[in-house]
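Colleague: Below, each chain spelled out in residue letters.
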Amino acid sequence: MEHKPIALLLAGIWGIVAILPLFFGSTNFIMHILIMCLIWSVVASCWDLIMGFAGIFSFGQVAFFVIGAYSSAILSAKFGIAPIFAVFCAGGIAAALGILVGLPCLKLKGAYIALVTFAVHMILEPVLKGTIGRALGTGGSRGILTIAPMKIFGFTFSSSNPVPYFYLMLLVAIICSAIIFIVIKSKWGTAFLALKDAEDFASCLGVSSYKYKLMVFALTSFLTGMIGGFYAHYIGMLSTRMLGIDLFVTLMIILVIGGVGKFPGAIIGAFITIAFNEMLSPIGPYRPIILGAMVVMLVLILPDGIVGLVEKLFPKKQHELTH
Amino acid sequence: MFIEIIDVIISGLINGSVYALMAVGLTLIYGVSKAFNFAYGSLYSLGGYIAFLLFSLAWINNYLLVFCLAAPILLVIGFFLEKLLVAPLRKRDDWEIKVMMITLGLALFLDNSFQVVFGARMKSLPTMLEGSFELGEFILSYQDVAIFIFSIGGILLFRWFLNNTRTGMSVRAVAQNPEGAQIVGIPKEFVFAATFAISTVMVGMGGILLAQKYFITPTGGWDILVKAWVITAFGGMGSIKGSLYAAFIVGMLEAFVGWHFGMTWTLIALFAVLLTTLAVRPQGLMGKWG
Amino acid sequence: MIKIQSLNAFYNDFHVLKDISLEVKKGQVVVILGPNGHGKSTFLKSICGLVDKITGKIFYDQEDITGLKSEKLVNKGITYIAENRELFPEMTVLENLKLGAYSKSARPHEKKNLEKVFSLFPRLAARKSQLASTMSGGEARMLAIARGLMSNAKFLAIDEPSLGLQPNLRNEVARIIKEINSQGITLLVVEQNTPRIMELADKFYVLEEGRISFEGSKEDALGNDHLKEIFLGI
Numbered sequence: 000m001e002h003k004p005i006a007l008l009l010a011g012i013w014g015i016v017a018i019l020p021l022f023f024g025s026t027n028f029i030m031h032i033l034i035m036c037l038i039w040s041v042v043a044s045c046w047d048l049i050m051g052f053a054g055i056f057s058f059g060q061v062a063f064f065v066i067g068a069y070s071s072a073i074l075s076a077k078f079g080i081a082p083i084f085a086v087f088c089a090g091g092i093a094a095a096l097g098i099l100v101g102l103p104c105l106k107l108k109g110a111y112i113a114l115v116t117f118a119v120h121m122i123l124e125p126v127l128k129g130t131i132g133r134a135l136g137t138g139g140s141r142g143i144l145t146i147a148p149m150k151i152f153g154f155t156f157s158s159s160n161p162v163p164y165f166y167l168m169l170l171v172a173i174i175c176s177a178i179i180f181i182v183i184k185s186k187w188g189t190a191f192l193a194l195k196d197a198e199d200f201a202s203c204l205g206v207s208s209y210k211y212k213l214m215v216f217a218l219t220s221f222l223t224g225m226i227g228g229f230y231a232h233y234i235g236m237l238s239t240r241m242l243g244i245d246l247f248v249t250l251m252i253i254l255v256i257g258g259v260g261k262f263p264g265a266i267i268g269a270f271i272t273i274a275f276n277e278m279l280s281p282i283g284p285y286r287p288i289i290l291g292a293m294v295v296m297l298v299l300i301l302p303d304g305i306v307g308l309v310e311k312l313f314p315k316k317q318h319e320l321t322h
Numbered sequence: 000m001f002i003e004i005i006d007v008i009i010s011g012l013i014n015g016s017v018y019a020l021m022a023v024g025l026t027l028i029y030g031v032s033k034a035f036n037f038a039y040g041s042l043y044s045l046g047g048y049i050a051f052l053l054f055s056l057a058w059i060n061n062y063l064l065v066f067c068l069a070a071p072i073l074l075v076i077g078f079f080l081e082k083l084l085v086a087p088l089r090k091r092d093d094w095e096i097k098v099m100m101i102t103l104g105l106a107l108f109l110d111n112s113f114q115v116v117f118g119a120r121m122k123s124l125p126t127m128l129e130g131s132f133e134l135g136e137f138i139l140s141y142q143d144v145a146i147f148i149f150s151i152g153g154i155l156l157f158r159w160f161l162n163n164t165r166t167g168m169s170v171r172a173v174a175q176n177p178e179g180a181q182i183v184g185i186p187k188e189f190v191f192a193a194t195f196a197i198s199t200v201m202v203g204m205g206g207i208l209l210a211q212k213y214f215i216t217p218t219g220g221w222d223i224l225v226k227a228w229v230i231t232a233f234g235g236m237g238s239i240k241g242s243l244y245a246a247f248i249v250g251m252l253e254a255f256v257g258w259h260f261g262m263t264w265t266l267i268a269l270f271a272v273l274l275t276t277l278a279v280r281p282q283g284l285m286g287k288w289g
Numbered sequence: 000m001i002k003i004q005s006l007n008a009f010y011n012d013f014h015v016l017k018d019i020s021l022e023v024k025k026g027q028v029v030v031i032l033g034p035n036g037h038g039k040s041t042f043l044k045s046i047c048g049l050v051d052k053i054t055g056k057i058f059y060d061q062e063d064i065t066g067l068k069s070e071k072l073v074n075k076g077i078t079y080i081a082e083n084r085e086l087f088p089e090m091t092v093l094e095n096l097k098l099g100a101y102s103k104s105a106r107p108h109e110k111k112n113l114e115k116v117f118s119l120f121p122r123l124a125a126r127k128s129q130l131a132s133t134m135s136g137g138e139a140r141m142l143a144i145a146r147g148l149m150s151n152a153k154f155l156a157i158d159e160p161s162l163g164l165q166p167n168l169r170n171e172v173a174r175i176i177k178e179i180n181s182q183g184i185t186l187l188v189v190e191q192n193t194p195r196i197m198e199l200a201d202k203f204y205v206l207e208e209g210r211i212s213f214e215g216s217k218e219d220a221l222g223n224d225h226l227k228e229i230f231l232g233i
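Just so you know, the protein sequences line up as chains H, R and X, in that order.
Here the first sequence is numbered in numbering that gives the first Met the number 0, starting from 0 and rising by one per residue.
Here the second sequence is numbered in numbering that gives the first Met the number 0, starting from 0 and rising by one per residue.
Here the third sequence is numbered in numbering that gives the first Met the number 0, starting from 0 and rising by one per residue.
Derived contacts from chain H toward chain R, CB cut-off under 7 Å, selection only:
{"hint": "1", "residue": "PRO103"}
{"hint": "2", "residue": "MET251"}
{"hint": "3", "residue": "VAL295"}
I should point out that these hints are in silico values taken from the structure, not numbers from a laboratory.
For each residue, glycine too, the CB sits at the ideal point set by N, CA and C.
Throw the hints in and build the complete structure from the sequences for me.
Modeller: Structure, rendered in C-alpha cells:
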C-alpha cells in the first residue's frame with residue numbers, strides 16, 4: 000500500500016473509535032472490551048511490523064507482552080515507581096530482552112528464528128512460576144493479585160470507570176500506530192522490504208541486516224512491553240495463564256483477519272477478533288475449538304486478510320495504491 | 000550413586016530413542032518441503048488417544064494390534080491434512096508463515112477437541128510388558144526395554160523405507176533436489192503429502208509409546224513439539240542423521256539435568272544448549288544452508 | 000512427433016518466449032542455437048512441463064499435451080535433460096539411474112535400460128556405488144544424460160550437453176547423441192560450439208530474444224555467414 004491511504008485509513012479508524020464512548024460509555028462491559036481491543040491492536044501491529052514487514056518469524060510477541068506486564072507490576076509494587084513511569088521502564092526491560100533474543104536470531108533463518116523466539120515464550124512460564132520468578136516478586140503460580148492502578152497528575156484511572164482509561168489507551172494506541180507508520184514509511188521500511196525479498200542482494204547494497212533486525216526487535220519489544228504494562232495496571236492482576244496457547248492464537252487470528260504485512264489491517268483485525276471472542280465466551284470450552292477452526296479457514300479462504308480482500312475486490316484501486 | 004547414574008543413563012537412552020523417532024518425522028517434513036508443522040505435538044496426543052480408543056474396544060488387547068491399526072489411521076489423517084491445509088498454500092510467496100499459522104490453528108483446534116471429547120483428565124494406556132529385570136539394586140523394567148525396541152525398530156523400518164522403496168527414494172530425491180525430482184517425473188505434490196503422512200505416523204507412534212509412561216492429556220503435545228523442534232534445530236533441520244544424534248544427546252541431557260537439578264530446569268537447560276549450539280553453528284550440528 | 004504452435008512462456012510476469020512455432024519429426028535431431036539468456040532452456044522446459052505459465056499449443060503425436068505436468072509427460076516418453084544436471088547429490092550413481100526410471104512406463108524396462116546405459120557409459124558402470132556429489136563435471140554430465148535415457152523416452156530435450164566440457168569429452172557427447180538417435184529416439188538439443196553435434200542435426204532453429212529468428216536445414220545454416228561465425232564455430 001502507498002503511504003497516504005494508510006494514513007487516511009488510520010485516521011478513519013481512530014476517528015470512529017474515538018466517538019464509540021458516546022454510544023457505549025455507560026456500559027462498562029463494552030468499554031472494557033474496547034480497551035482490550037486497543038491494547039491488542041498495538042501488540043498485533045508490532046507483530047505485523049516484525050513478521051509482516053521485516054519478515055522475521057518472531058513468535059515471542061506474547062512473551063514480551065507478559066514480560067512488560069510483570070515488570071511494570073513489580074516495579075511499581077516493589078520499588079514504588081509511579082505506574083506511568085513504570086510502564087516505560089517495563090518497555091525498556093522488554094526492549095533489552097528483545098535485543099538479547101534478537102542477537103542469536105541475526106544469523107538464523109526462518110524456522111530457527113521461530114524456534115528461538117517461541118522458546119522465550121515456552122520458558123517464561125517455568126521461570127515466572129519457579130524460584131527465580133518468586134525471588135523477583137512474580138508470586139509464583141498464584142501470580143500477582145494486586146497491582147496499583149494507573150495514576151497521572153493525581154488522577155486515578157480506575158477500572159470501575161473505564162472511559163478515561165479508554166481515552167488514555169486510545170492516545171497510546173494512536174502514538175504507537177503513528178510510530179509504526181513512520182517506521183514503515185521511513186527508509187527502515189524500504190530496507191525491510193529489500194531484506195525480505197533478497198537478503199543477500201540487500202546486504203551487497205550495504206543494507207546492514209543486523210542493524211535493522213536488531214532495531215526492529217528492540218522497537219517492537221519496547222512497544223509490546225510498554226502496552227503490557229498498561230494492561231497490568233488496568234487489569235490489576237496477573238498470572239502465567241496469559242502464556243497459554245489460546246491468547247497466542249487469538250493474536251494470530253488478529254493478524255490473519257487483518258492481513259499479514261497489511262498494516263493497519265492488524266488494528267481492524269484486533270477489533271473484530273476481540274469482539275468476536277467476547278461474543279463466543281458463553282460457549283465455554285467450544286470457544287478455542289472455534290478459534291482454531293477459524294484460523295484454519297481464514298488462512299485458506301482469506302489469505303491476505305480483510306485489507307487483502309479489499310485490494311482484490313478493487314484491483315484498479317490497488318493498482319493505484321501499489322504504484 | 001553408581002546405580003543411580005546407570006538408571007539416569009538408561010532413562011536418557013529410552014526417552015532419547017522415542018524422541019529420535021519423533022524428531023526424525025519433524026525434520027523429514029522440513030527437509031522435503033520446508034514446511035514447519037506446529038500441530039506436531041497435537042498429532043502426538045492424537046496417537047495416544049487413538050490407542051486409547053482402540054484399547055477400549057473389547058477385542059483389542061495387545062500393542063502389536065494397536066500399532067497395526069493406528070498406523071494406517073494416522074497415515075490417512077496425515078495425508079489428508081497435508082492435502083487440505085498445507086498444499087493449497089504452497090503456491091503463495093509467504094506460504095512458510097502461512098503454514099505455521101494454519102498448523103498452529105489446527106493445534107488449538109485438536110487440543111481443545113480432545114478436551115471436549117475425552118475430558119481434561121489424564122488417560123492412561125496399559126503397560127506394554129509387565130515385570131522387570133533385577134540385578135541387586137539395579138532394576139530395568141521390561142516396559143522400558145519394549146519402548147526402546149519399538150522406537151529403534153520404527154527408525155530402522157523408516158530407514159529401510161527410505162533406501163529400498165520407490166516412494167522412499169522419491170522422498171529422498173525431492174529433499175535433495177526438487178527440480179531434479181520433477182525432471183525424472185516424480186509427482187512432488189504426492190511426495191509432500193506422503194512425507195506429512197509418514198511423519199504423522201512417526202509422532203503418533205511416539206505418542207502411543209510414551210503414553211504408557213507419561214499419560215495422555217489434551218495439551219501434553221506442546222512439550223513434545225518443543226522437544227522435537229529443539230532436537231531438529233540442534234541436529235540441523237532437514238538432517239535425519241543430525242536429528243538422531245541430537246535426540247540421544249537431548250534425552251541424556253534431560254535425564255541428567257532432571258536428576259541433578261530437578262525437572263523444572265530441563266527445559267531451560269535444553270534451550271541454553273540449543274542457543275549455544277546455534278550461536279556457533281547457525282545451521283545446527285549437521286544441517287546445511289539453503 | 001512434437002508440434003508447437005505459437006508458444007508463449009512466462010516467469011512471474013516476465014515474458015520469456017514469444018509466439019514460437021516449431022516441429023520435430025520422428026527420428027530427427029533438431030538443434031536450437033542462440034545467445035545465452037534468450038530463452039532456450041525455458042523453451043525446452045516448457046515442452047517438458049517444467050514451466051508453470053505457458054500459452055499456445057503443444058502436440059505430441061497429434062495429442063494435445065499443453066499444460067500437462069512433467070510427471071505425466073515423462074510417463075508418455077518426453078524427458079528433459081538439464082544443462083545444470085540436477086542430480087541427486089547424496090545418492091549413488093545407481094540410485095540416480097534408478098530414479099531416472101521412476102515413471103510407470105519406464106519401470107518394466109529398468110533392467111534393460113540399465114544395461115544399455117552402462118554399455119553406453121562404461122565409466123558409470125565402474126562408479127555405480129559412488130555418490131553423485133563426488134563425480135567430476137564430465138562424469139556428472141554423463142550421469143545426467145544416462146538418467147534421462149533411463150526414462151525410456153521417445154523424445155529427449157537435451158539442454159547444452161557439452162557445456163563446459165573439454166574438446167575430447169564434447170566429441171564423446173556427440174558420439175553418444177548419435178548413438179541415442181540411431182536407437183530411434185527423437186532429439187531436440189540446445190547446443191553451441193560443438194561441430195560434431197551440429198553435423199548430426201537435421202534442422203536448425205535460432206532463438207533470439209524469445210523469438211525464432213532463423214529456421215532451416217544444415218545447408219541453409221552453413222550458407223548464413225552470421226550463423227556460421229557466431230554459433231557453429233566452423
